[in-house]
Amino acid sequence: DIQMTQSPSTLSASIGDRVTITCRASQNINNWLAWYQQQPGKAPKLLIYKASSLETGVPSRFSGSGSGTDFTLTINSLQPDDFATYYCQQYSTYPWTFGQGAKVEIK
Amino acid sequence: QVELVESGGGVVQPGRSLRLSCATSGFAFRSYSMHWVRQAPGKGLQWVTVISPDGTNKFYADSVKGRFTISRDNSKNTLYLQTDSLRLEDTAMYYCARDSPFRGGLFDYWGQGTLVTVSS
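Protein chains in written order, with this note's numbering: chain Z, 3 to 109; chain X, 3 to 122.
In isolation and in its complexed conformation, chain X is listed as follows (with noise of 0.2 Å):
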């Protein structure tokens, strides 16, 4: 079965740094593209950015553009957020997604979410 899980959040000074990961499995993870999503707490969803399966196309919301970069390792089924000079308005749950194979944008499985705390 699909599994996504996501690690590495936790509490950081604004201007720090955190690199999230997403751990895959049950699916050919290098034919799919994938997305994060963030949610603030108690707040709704907010799509993040996206990857295409090979790596090569990486799109982002305005509000990361520059701070925040895509990347995957296929060889390990593994997708990464490298996070840069957080925010306070960067205080979130952040999700992995998986890109549906029917049509781009259409999130189909959800890890569990790994939360990102920027306070100082």
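If we strip away everything but chain Z, and leave its shape as in the complex, we get (with noise of 0.2 Å):
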């Protein structure tokens, strides 16, 4: 299986910054990655999918870059509603994998 690995885990941040989350494939997906976003209690929502691609309806201020093992979600000037978790997912390969996740909270 594919192991994604995100980083960091957790990281604080205030209303208006700029947060950066990284993601490492532990193979070549290509550009088959997709990022989530899991608010506390909801289901995941689709931001990212062909690791820059923005899913309709997601704000601009969300952007993600990388193909081949690495790969990147960055956050433009941080909102409040942004305070969640984040997850990337490869969909290069069966089975789908998902990284760990990464908390982004208040500082």
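Note that these hints are calculated values from the structure, not bench results.
Mixed in with the good hints, there may be bad ones.
Said to hold, decoys possible - Distance windows between CB atoms, simulated:
no., chain 1, residue 1, chain 2, residue 2, range
1, X, S65, Z, T74, 25 to 33 Å
2, Z, T22, X, T58, 39 to 47 Å
3, Z, S62, X, V4, 21 to 29 Å
4, Z, S62, X, G68, 41 to 49 Å
What the hints assert, rightly or not - Residues of chain Z clear of chain X, computed beta-carbon distances all greater than 12 Å:
no., residue
5, T24
6, S69
7, N78
Said to hold, decoys possible - Under the rule of at most 30 Å between Cα atoms (straight-line distance), these lysine-lysine pairs were calculated in the DSBU-like manner:
no., chain 1, residue 1, chain 2, residue 2
8, Z, K47, Z, K109
9, X, K67, Z, K52
10, Z, K52, Z, K105
11, X, K78, Z, K105
12, Z, K44, X, K45
None of these values were measured; they are calculated from a predicted model.
Where a beta carbon is used, it is the ideal one built from N, C-alpha and C, also for glycine.
Two independent chains are provided; combine them into the complex using the hints.
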């Protein structure tokens, strides 16, 4: 199975900050990488697919980059709704696997 | 709008069974593969199983193979997960998710989840 490793696991930030989360795959997944946001007590929500494509309706302050094994999620100008846990997921190869999550907390 | 609503969770003893359901609306259910993804309390996401649009192809995570069975009723727009021989480690929120039409294994819509608690 492809292992997905996110860092950091937790980060503290303030409203208006720029935040970066990284995700590393244990083997080449090309750009078959998605990012999901999960707010407390809610289902995950698709933010970004194919490493850098923004899902319809997702604010443009979210962006993704990377290819191969190394990927990044960036949130520009953090807003109150953005305090959540973010998961990367590879959909290159079955079985599909997720990173362990990165929690963005209020500083 | 796309809507997925899970039900059927509850508290069950180890070794027993539960049948989860996911009622869908707002899209052509019979045209999409569907998944179950679970999340143990305080933990991350784990893909569990997928079923093809016509129900003929099914794949399972190793951790549930031989114990869980995914199925669907396209006339009722409903997805099911039969969970047998439940173990303590199966305790989790179970989400149904729609497979993206653009690439298999991308989950574009999720339900709100149904909680399964396995406890003696």
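Quick rundown of the hints versus the structure:
1. Taken as a hint, the range 25 to 33 Å holds for the pair S65 of chain X and T74 of chain Z, whose Cβ atoms sit roughly 30 Å apart.
2. As the Cβ distance of T22 of chain Z to T58 of chain X is approximately 43 Å, the hint placing it in 39 to 47 Å holds.
3. One distance hint, 21 to 29 Å for the beta-carbon pair S62 of chain Z and V4 of chain X, holds here, with the actual separation near 23 Å.
4. Range check, S62 of chain Z to G68 of chain X: Cβ separation about 46 Å, and the 41 to 49 Å hint holds.
5. For T24 of chain Z, the requirement that its beta carbon stay farther than 12 Å from each beta carbon of chain X is met, with the minimum near 16 Å.
6. Against the 12 Å criterion, S69 of chain Z stays outside the reach of chain X, whose nearest CB is about 15 Å from its own CB.
7. For N78 of chain Z, the shortest C-beta to C-beta distance to chain X comes to about 24 Å, beyond the 12 Å cut-off, and the non-interface label holds.
8. Distance hint between K47 of chain Z and K109 of chain Z is fulfilled; the C-alpha atoms sit about 24 Å from each other, no more than 30 Å.
9. For the hint linking K67 of chain X to K52 of chain Z, the alpha-carbon distance of about 29 Å falls within 30 Å, and the restraint holds.
10. With a C-alpha separation of about 22 Å, the suggested pairing of K52 of chain Z with K105 of chain Z holds against the 30 Å cut-off.
11. With a CA separation close to 38 Å, the supplied pair K78 of chain X and K105 of chain Z exceeds the 30 Å bound.
12. Under the criterion of a C-alpha separation no larger than 30 Å, the hint pairing K44 of chain Z with K45 of chain X is consistent with the structure, at around 14 Å.
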